[in-house]
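**Student:** Top to bottom, those sequences are chains S and H.
Each residue of the first sequence is one higher than the last, beginning at 1 in full-length UniProt numbering.
Each residue of the second sequence is one higher than the last, beginning at 1 in full-length UniProt numbering.
Please note: incorrect hints may appear among the correct ones.
Stated by the list, open to error - Examples of chain S residues toward chain H, derived with CB under 8 Å:
id, residue
1, H7
2, L54
3, Q77
4, M85
5, F87
No lab work stands behind these hints: they were computed from the structure.
Think of the CB as a built atom: it goes at the ideal place given N, C-alpha and C, for glycine as much as any other residue.
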Amino acid sequence: MDRGFIHIRGLSKKYGAYTALQGIDLDIAEGEVVCVIGPSGSGKSTLIRCINLLEEFEPGSTLVVDGTPVARGAALQKVRAEVGMVFQSFNLFPHLTVLRNVMLAPMRVRGLPPGQAERRARDLLARVGIAEQAEKYPGQLSGGQQQRVAIARALAMEPRVMLFDEPTSALDPEMVGEVLDVMRALAGSGVTMVVVTHEMGFARQVADRVIFMDGGRIVEIGTPAQIFDTPREARTRNFLGAVLNH
Amino acid sequence: MDLLDTFFNVPVLVRTYPMLLWGLWVTIKIGVVSIVLGLVAGLALALVRLYAPAVLRALARVYINVMRSIPLLVLLIVIYYALPFLGIRLSPFMSSVAALSLVSAAYTAEIFRAGIEAIPKGQFEASGALGLSPRHTMVDVILPQAIRIVIPPLTNNCINVLKDTALASVVAMPDLLKQATQAQAVAANPSPLIGAAIIYIALLWPMVSMVSRLERRFGRASR
Numbered sequence: 001m002d003r004g005f006i007h008i009r010g011l012s013k014k015y016g017a018y019t020a021l022q023g024i025d026l027d028i029a030e031g032e033v034v035c036v037i038g039p040s041g042s043g044k045s046t047l048i049r050c051i052n053l054l055e056e057f058e059p060g061s062t063l064v065v066d067g068t069p070v071a072r073g074a075a076l077q078k079v080r081a082e083v084g085m086v087f088q089s090f091n092l093f094p095h096l097t098v099l100r101n102v103m104l105a106p107m108r109v110r111g112l113p114p115g116q117a118e119r120r121a122r123d124l125l126a127r128v129g130i131a132e133q134a135e136k137y138p139g140q141l142s143g144g145q146q147q148r149v150a151i152a153r154a155l156a157m158e159p160r161v162m163l164f165d166e167p168t169s170a171l172d173p174e175m176v177g178e179v180l181d182v183m184r185a186l187a188g189s190g191v192t193m194v195v196v197t198h199e200m201g202f203a204r205q206v207a208d209r210v211i212f213m214d215g216g217r218i219v220e221i222g223t224p225a226q227i228f229d230t231p232r233e234a235r236t237r238n239f240l241g242a243v244l245n246h
Numbered sequence: 001m002d003l004l005d006t007f008f009n010v011p012v013l014v015r016t017y018p019m020l021l022w023g024l025w026v027t028i029k030i031g032v033v034s035i036v037l038g039l040v041a042g043l044a045l046a047l048v049r050l051y052a053p054a055v056l057r058a059l060a061r062v063y064i065n066v067m068r069s070i071p072l073l074v075l076l077i078v079i080y081y082a083l084p085f086l087g088i089r090l091s092p093f094m095s096s097v098a099a100l101s102l103v104s105a106a107y108t109a110e111i112f113r114a115g116i117e118a119i120p121k122g123q124f125e126a127s128g129a130l131g132l133s134p135r136h137t138m139v140d141v142i143l144p145q146a147i148r149i150v151i152p153p154l155t156n157n158c159i160n161v162l163k164d165t166a167l168a169s170v171v172a173m174p175d176l177l178k179q180a181t182q183a184q185a186v187a188a189n190p191s192p193l194i195g196a197a198i199i200y201i202a203l204l205w206p207m208v209s210m211v212s213r214l215e216r217r218f219g220r221a222s223r
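Using the sequences and the hints given, assemble the complete structure.
**Tutor:** Okay, here's the thing in structure tokens:
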């Protein structure tokens, strides 16, 4: 694969003197599910936050999504409409009902009439298993339910790419499964997924490729079997040894 | 009895209350127009102060600081007595409204800014990630949440504006205080001033107690 659906060359990001990403090269094919693992501070969240420009990156970096360069300006909203994101802290809109949360962007960005937006929202809420909570406010739901609403809200834009930024890290342990189940079903639907996660079981089972990052670089990319069973790099082995053996 | 006759002389109050009511009407007109103008200009100013290019941001900050530093009475006198030398001649009503809303806009801008800045960054990020434009992000996501935060301080500001309308009496505006002092002169008795005080309190008490109620409610909700 020479030029992926998401095409990244020499992607760098600095916070003052601190270098968060140093020269990332990565291509992700359409429909691919990629899991990004690594210690905290390794740059994995920064990487996916660059893909929809929630983080500005250094000049000279190349980042193209579906042929559109990611940059400030008119094209940015187009890229963002194609790229859905799910955050660690859900970030639902607390003043809107669950239904309204899911309806908002399709109406405002895609210009969908309210009736059609509501039908789409109710379908998606049913798909993530919370159809009966549509009229509640986010604050009345559990963390797992809120995260499923957040997934439905992102899917309502019918994105080509879904970014997940540690979607289960803020959840109580008993709610992790319900969110991973939704993501697993989504992975089978053909949408391109980039998932930053600490859930090694999920990565092994669902990912087409696993990326191990450390110190702002990609240390190793491979199939789940290769990364988890026969890691080439010592740093990968150390990290996996630390997270898997406890 | 002497005290009552002097400060709460019922026949004098009965004779002068139409003047006071007329003054109340003028006070409300000045107050409401200034509050509305101050709110609109204040929100615009807050958005400039937060999101405009650097030069405009700096200008907004200078305006806000000047208007918060200058005594309202001084500003009013400048507008009414000094601007005519530059060929700008405003009526007493316009001068009062101008002074009150110029200052109110500055305070309102700071209140809105604090309200917008109190909204978690994740709300902006989620809106941006969904492809919402900056305008829709503000109108649909940020402002509806910020409004709840700013209602108590905004109401406080409205109370201040209504109280400060009394300064309009300085530029011969027949507001509640001016009418009361004139009625006092006509009746040779200070009871109309007490009448005016009672009217001010009756007008503002409900707003004051509403602020306390809202602050208690929001305080509880955020805990």
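**Student:** Measuring from the C-beta of S/F87 to each C-beta in chain H, is the shortest one below 8 Å?
**Tutor:** Holds. Min distance 6 Å.
**Student:** Interface hint check: S/L54, Cβ to nearest Cβ on chain H, cutoff 8 Å. Holds or violated?
**Tutor:** holds (5 Å)
**Student:** Identify whether the interface hint at S/M85 stands, where standing means a beta carbon of chain H within less than 8 Å of its own.
**Tutor:** holds (4 Å)
**Student:** Once the shortest beta carbon distance from S/Q77 to chain H is found, is it less than 8 Å?
**Tutor:** holds (5 Å)
**Student:** Given S/H7 as an interface hint, is the shortest Cβ-Cβ distance to chain H below 8 Å?
**Tutor:** Because about 20 Å separates S/H7 from the closest Cβ in chain H, which is outside the 8 Å limit, the hint is violated.
In terms of the numbered hints stated before, the structure departs from hint 1 and from no other.
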